[in-house]
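Fit chain B to the given chain A structure using the hints.
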Amino acid sequence: DTEVTQTPKHLVMGMTNKKSLKCEQHMGHRAMYWYKQKAKKPPELMFVYSYEKLSINESVPSRFSPECPNSSLLNLHLHALQPEDSALYLCASSQVRPGQGAHEQYFGPGTRLTVT
Amino acid sequence: AQKITQTQPGMFVQEKEAVTLDCTYDTSDPSYGLFWYKQPSSGEMIFLIYQGSYDQQNATEGRYSLNFQKARKSANLVISASQLGDSAMYFCAMRGLSGGSYIPTFGRGTSLIVHP
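Chain order of the listed sequences is A and B. Position in the first sequence counted from 1, then plus 185, gives you our numbering. Position in the second sequence counted from 1, then plus 284, gives you our numbering.
Bound conformation, chain A alone (with noise of 0.2 Å):
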């Protein structure tokens, strides 16, 4: 099972709720990373979560918080967010091997975040 599933597949909020972006895996890898995508620009790495310890944080403001609650689990919660943070969000799983680092990353389908 290569699949990594997020929710919602799409959100409309407006800049002052709060949601958050869930994401899930299960194949037992212990690099999950958040990325954001503007339409026909690569991803921008967010954050990176490495044994479900916050390992990169990309200086993303404060109105974007991850939280890993377990292996499996990735969560992103939006607070107060600007128009401008409308975008496509990824999130992606992959292995860590010690001495090689991280490897192929597994993506999810992403949620298409609308910020009104």
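Hints listed in this document are in silico derivations from the structure and should not be mistaken for laboratory results. Values in this document were obtained by computation on a predicted structure and should not be read as measured data. Note that beta-carbon positions come from the ideal geometry of N, C-alpha and C, so glycine has one too. Be aware that one or more of the hints could be misleading.
Claimed, not checked - Below, simulated DSS-like cross-link-like pairs (lysine-lysine); rule was C-alpha separation at most 25 Å, straight line:
no., chain 1, residue 1, chain 2, residue 2
1, A, Lys-238, A, Lys-204
2, A, Lys-207, A, Lys-226
3, A, Lys-238, A, Lys-207
4, A, Lys-223, A, Lys-207
5, B, Lys-287, A, Lys-223
6, B, Lys-287, A, Lys-225
7, A, Lys-226, B, Lys-357
8, B, Lys-287, A, Lys-221
9, A, Lys-207, A, Lys-225
10, A, Lys-221, A, Lys-203
11, B, Lys-287, A, Lys-226
12, A, Lys-238, A, Lys-226
13, B, Lys-357, B, Lys-287
14, A, Lys-226, A, Lys-194
15, A, Lys-221, A, Lys-204
Said to hold, decoys possible - Calculated Cβ distances over 10 Å to all of chain B for the following chain A residues:
no., residue
16, Glu-237
17, Pro-251
18, Leu-258
What follows is chain B alone, placed relative to chain A:
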């Protein structure tokens, strides 16, 4: 720092023909991995093929092959016998050591259109 360059914003190919998508990279890390992903208009990033920096042979996966030329720092994707379903964005990515962590870096992508 690591860098991935995809110089072809768009490519066109006739159905059943082969096509090569270019990717060059730069890194100071002797241990790295190179990946290609396909992203259809639906948004999901699909892992296609992987090449490790120490692999002696070029990677192949079905109709996909990776033309790895280490001295030239290039990792071009070759798609043989193109199909209409191959129309998508294609991203080259590299996993390398940056700031003590292994992080993926994506190129800007190439949009491939397969004509019937």
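Verification of the hints:
no.: 1; hint: Lys-238(A) with Lys-204(A); result: holds (22 Å)
no.: 2; hint: Lys-207(A) with Lys-226(A); result: holds (23 Å)
no.: 3; hint: Lys-238(A) with Lys-207(A); result: holds (17 Å)
no.: 4; hint: Lys-223(A) with Lys-207(A); result: holds (19 Å)
no.: 5; hint: Lys-287(B) with Lys-223(A); result: holds (20 Å)
no.: 6; hint: Lys-287(B) with Lys-225(A); result: holds (19 Å)
no.: 7; hint: Lys-226(A) with Lys-357(B); result: holds (23 Å)
no.: 8; hint: Lys-287(B) with Lys-221(A); result: holds (19 Å)
no.: 9; hint: Lys-207(A) with Lys-225(A); result: holds (24 Å)
no.: 10; hint: Lys-221(A) with Lys-203(A); result: holds (18 Å)
no.: 11; hint: Lys-287(B) with Lys-226(A); result: holds (16 Å)
no.: 12; hint: Lys-238(A) with Lys-226(A); result: violated (28 Å)
no.: 13; hint: Lys-357(B) with Lys-287(B); result: holds (11 Å)
no.: 14; hint: Lys-226(A) with Lys-194(A); result: holds (19 Å)
no.: 15; hint: Lys-221(A) with Lys-204(A); result: holds (16 Å)
no.: 16; hint: Glu-237; result: holds (15 Å)
no.: 17; hint: Pro-251; result: holds (15 Å)
no.: 18; hint: Leu-258; result: holds (19 Å)
Against the hints set out earlier in the document, a violation occurs for number 12 only.
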